[in-house]
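S.K.: Okay, here's what each chain looks like letter by letter:
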Amino acid sequence: GQQLNQSPQSMFIQEGEDVSMNCTSSSIFNTWLWYKQDPGEGPVLLIALYKAGELTSNGRLTAQFGITRKDSFLNISASIPSDVGIYFCAGLSDGSGANSKLTFGKGITLSVRP
Amino acid sequence: DTGVSQDPRHKITKRGQNVTFRCDPISEHNRLYWYRQTLGQGPEFLTYFQNEAQLEKSRLLSDRFSAERPKGSFSTLEIQRTEQGDSAMYLCASSLHYGYTFGSGTRLTVV
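Protein chains in written order, with this note's numbering: chain C, 161 to 274; chain D, 145 to 255.
A portion of the hints provided could be inaccurate.
[To be verified] Computed cross-link-like contacts, BS3-like style, restricted to lysine-lysine with a CA-CA straight-line distance of at most 27 Å:
{"id": "1", "chain 1": "D", "residue 1": "K201", "chain 2": "C", "residue 2": "K196"}
{"id": "2", "chain 1": "D", "residue 1": "K201", "chain 2": "C", "residue 2": "K266"}
{"id": "3", "chain 1": "D", "residue 1": "K201", "chain 2": "C", "residue 2": "K230"}
{"id": "4", "chain 1": "C", "residue 1": "K266", "chain 2": "C", "residue 2": "K230"}
{"id": "5", "chain 1": "D", "residue 1": "K155", "chain 2": "D", "residue 2": "K201"}
{"id": "6", "chain 1": "D", "residue 1": "K201", "chain 2": "D", "residue 2": "K215"}
{"id": "7", "chain 1": "D", "residue 1": "K155", "chain 2": "C", "residue 2": "K266"}
{"id": "8", "chain 1": "C", "residue 1": "K196", "chain 2": "C", "residue 2": "K230"}
{"id": "9", "chain 1": "D", "residue 1": "K155", "chain 2": "C", "residue 2": "K196"}
{"id": "10", "chain 1": "C", "residue 1": "K230", "chain 2": "C", "residue 2": "K211"}
{"id": "11", "chain 1": "D", "residue 1": "K215", "chain 2": "D", "residue 2": "K158"}
{"id": "12", "chain 1": "C", "residue 1": "K196", "chain 2": "C", "residue 2": "K211"}
{"id": "13", "chain 1": "C", "residue 1": "K211", "chain 2": "C", "residue 2": "K266"}
{"id": "14", "chain 1": "D", "residue 1": "K201", "chain 2": "D", "residue 2": "K158"}
{"id": "15", "chain 1": "C", "residue 1": "K196", "chain 2": "C", "residue 2": "K266"}
[To be verified] Quick list of simulated restraints, FRET-style, between CB atoms:
{"id": "16", "chain 1": "C", "residue 1": "R273", "chain 2": "D", "residue 2": "S210", "range": "42 to 50 Å"}
{"id": "17", "chain 1": "C", "residue 1": "S242", "chain 2": "D", "residue 2": "G147", "range": "14 to 22 Å"}
{"id": "18", "chain 1": "C", "residue 1": "G200", "chain 2": "D", "residue 2": "S217", "range": "20 to 28 Å"}
{"id": "19", "chain 1": "C", "residue 1": "P241", "chain 2": "D", "residue 2": "T146", "range": "40 to 48 Å"}
[Claimed, not checked] Here's a subset of chain C near chain D, in silico, CB distances under 7 Å, partners left out:
{"id": "20", "residue": "E201"}
{"id": "21", "residue": "G202"}
{"id": "22", "residue": "P203"}
{"id": "23", "residue": "K211"}
{"id": "24", "residue": "G245"}
{"id": "25", "residue": "F248"}
{"id": "26", "residue": "K261"}
{"id": "27", "residue": "F264"}
{"id": "28", "residue": "G267"}
No lab work stands behind these hints: they were computed from the structure. No residue lacks a Cβ here, since even glycine has one placed at the ideal position from N, Cα and C.
In isolation and in its complexed conformation, chain D is listed as follows (with noise of 0.2 Å):
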């Protein structure tokens, strides 16, 4: 096991096109969380599964993001009608218990 893979590693976007990312978590973790992280700050939750479950929902998260884990291994995080502001690191994490465990991210960029 290779540890948490994202893909894309870098996406640049249109404004107003929708983008969806891609997490696969280890394999024996059954948590899985998605982060932003923008420039010069650390990374901010977004959501949390516990297996398919999504547990947990930030106010970050408008109405344009949605993510799913369809069979608890693993997600995707879709960004609607994408915004400059959504320009950011899109990091996801997985955990068994309190080891969290980082990605490399999805760096999106909107022009």
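So that you can see chain C by itself, here it is in the shape it has in the complex (with noise of 0.2 Å):
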């Protein structure tokens, strides 16, 4: 099953407000992804997170890669209506080999408000 723990399960904000959302893992992860998804298409990838204490940002996201290795959070600022959808986090435990897939959470889905 699943080892990655999103919550809540539902976000709602008002345009223009920030929002942060986190996850974490029973299990270490050496990669961290956030994927944005939109009704009936595949996930898009946001950001990658490949070090612990990582901080990247785009745009105006930023994520940060936990020093544990159990936990990401992802920031979104200034929010606009087109960050509606739903927002996954994925671990990684090892890009080299039989490794490679990808563990998923539930996923949060961001409304917001205009």
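Given two chains presented individually in distinct reference frames, assemble the corresponding complex, making use of the accompanying hints.
M.R.: The following block contains the structure:
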């Protein structure tokens, strides 16, 4: 079963607000990824984190790879209506071989009120 | 190159029928993955190819499921004797190193 915990299941924010999402795991991951999925589409990669403690930005998105390698957060600043969607965290144990499968959380559905 | 392509986008089939899905990965990517996603859940790993070799299969992949990647390029996923529980979005992804790119998926509905 899935090992990554994302909560709450849904978040409702006002346009222009910042929002932060957390993802925790009982296992260590060597790479953390954040994806956004729109209805009827596949997940799209937002940010990838490769080193414990790493803080990476992509436009209005900022994500951090926790020091313990068991957690990560994603922050969206100054939200806009097109930020609506489902946000998934995913962990990768080892990119080099048989463990290169991703483990996903259940996702957080973000709604942005104009 | 337009990314990972999956065909068909939607498939409705009667219980007991066989279905086959196709995935065309990004051309230079040597790794190809199949995932399954049900409503309200994240994608779950099914199987993984490096070039034409199938290196790992999940316990979710029952003996009714078979995946191939004959020439190390496109891949097919076949489900035999479909059951209602097989209804899901089937996602394909490809990668060269760490950067997974997903396709838009095939939505399977078994009636």
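S.K.: Give a verdict on every hint.
M.R.: Right, here's what the structure says about each hint:
Using a Cα cut-off of 27 Å, the hinted pair K201 of chain D and K196 of chain C holds, with the two alpha carbons roughly 26 Å apart. Distance check on the hinted pair: K201 of chain D and K266 of chain C sit about 21 Å apart at the alpha-carbon level, within 27 Å; holds. Straight-line distance between C-alpha atoms of K201 of chain D and K230 of chain C comes to about 25 Å, which keeps the hinted pair within the 27 Å bound. As the CA atoms of K266 of chain C and K230 of chain C are separated by approximately 16 Å, the hinted pair is consistent with the 27 Å bound.
Taking the CA atoms of K155 of chain D and K201 of chain D, the gap is near 23 Å; set against the 27 Å cutoff, the hint holds. Under the criterion of a C-alpha separation no larger than 27 Å, the hint pairing K201 of chain D with K215 of chain D is consistent with the structure, at around 19 Å. For a cut-off of 27 Å, the pair hint linking K155 of chain D to K266 of chain C stands: about 24 Å separates their Cα positions. Restraint check for K196 of chain C and K230 of chain C: the C-alpha separation of about 20 Å stays at or below 27 Å, so the hint holds.
For the suggested pair K155 of chain D and K196 of chain C, the alpha carbons sit about 24 Å apart, so the restraint of at most 27 Å is met. Taken as a hint, the K230 of chain C and K211 of chain C pair is honoured in the structure, with Cα atoms around 12 Å apart against an allowance of 27 Å. For a cut-off of 27 Å, the pair hint linking K215 of chain D to K158 of chain D is broken: about 31 Å separates their Cα positions. Restraint check for K196 of chain C and K211 of chain C: the C-alpha separation of about 21 Å stays at or below 27 Å, so the hint holds.
The straight-line distance between the Cα atoms of K211 of chain C and K266 of chain C is roughly 23 Å, inside the 27 Å bound, and the hint therefore holds. Among the hinted pairs, K201 of chain D with K158 of chain D is consistent with the structure: their alpha-carbon atoms are about 26 Å apart, no more than 27 Å. Under the criterion of a C-alpha separation no larger than 27 Å, the hint pairing K196 of chain C with K266 of chain C is consistent with the structure, at around 12 Å. At roughly 46 Å, the beta carbons of R273 of chain C and S210 of chain D sit within the given window of 42 to 50 Å.
Here the CB-CB span from S242 of chain C to G147 of chain D is close to 20 Å, well matched to the stated 14 to 22 Å. Here the CB-CB span from G200 of chain C to S217 of chain D is close to 26 Å, well matched to the stated 20 to 28 Å. In this structure the hint that P241 of chain C and T146 of chain D lie 40 to 48 Å apart at CB is violated, the actual value being about 27 Å. Annotation: E201 of chain C was flagged as interfacial toward chain D, and the flag holds, the nearest CB pair being 5 Å apart, inside 7 Å.
A distance limit of 7 Å between C-beta atoms decides the matter here; for G202 of chain C the minimum to chain D is near 4 Å, and the interface restraint holds. For P203 of chain C, the shortest C-beta to C-beta distance to chain D is roughly 5 Å, which falls under 7 Å, so the interface hint holds. A hinted interface residue such as K211 of chain C counts as satisfied when its beta carbon comes closer than 7 Å to some beta carbon of chain D; here the least separation is about 12 Å, so the hint is violated. Among the interface hints, the one on G245 of chain C is violated; its C-beta lies about 13 Å from the nearest C-beta in chain D, farther than the 7 Å criterion.
Contact between F248 of chain C and chain D, as hinted, is supported at the beta carbon level, the nearest pair being about 5 Å apart and thus within 7 Å. Proximity of K261 of chain C to chain D holds as hinted, the smallest CB-CB distance being about 4 Å (cut-off 7 Å). Using the Cβ-Cβ criterion of 7 Å, the hint placing F264 of chain C at the interface with chain D is satisfied: the shortest such distance is roughly 3 Å. Against a cut-off of 7 Å between C-beta atoms, the interface hint on G267 of chain C holds, since the closest Cβ of chain D lies about 5 Å away.
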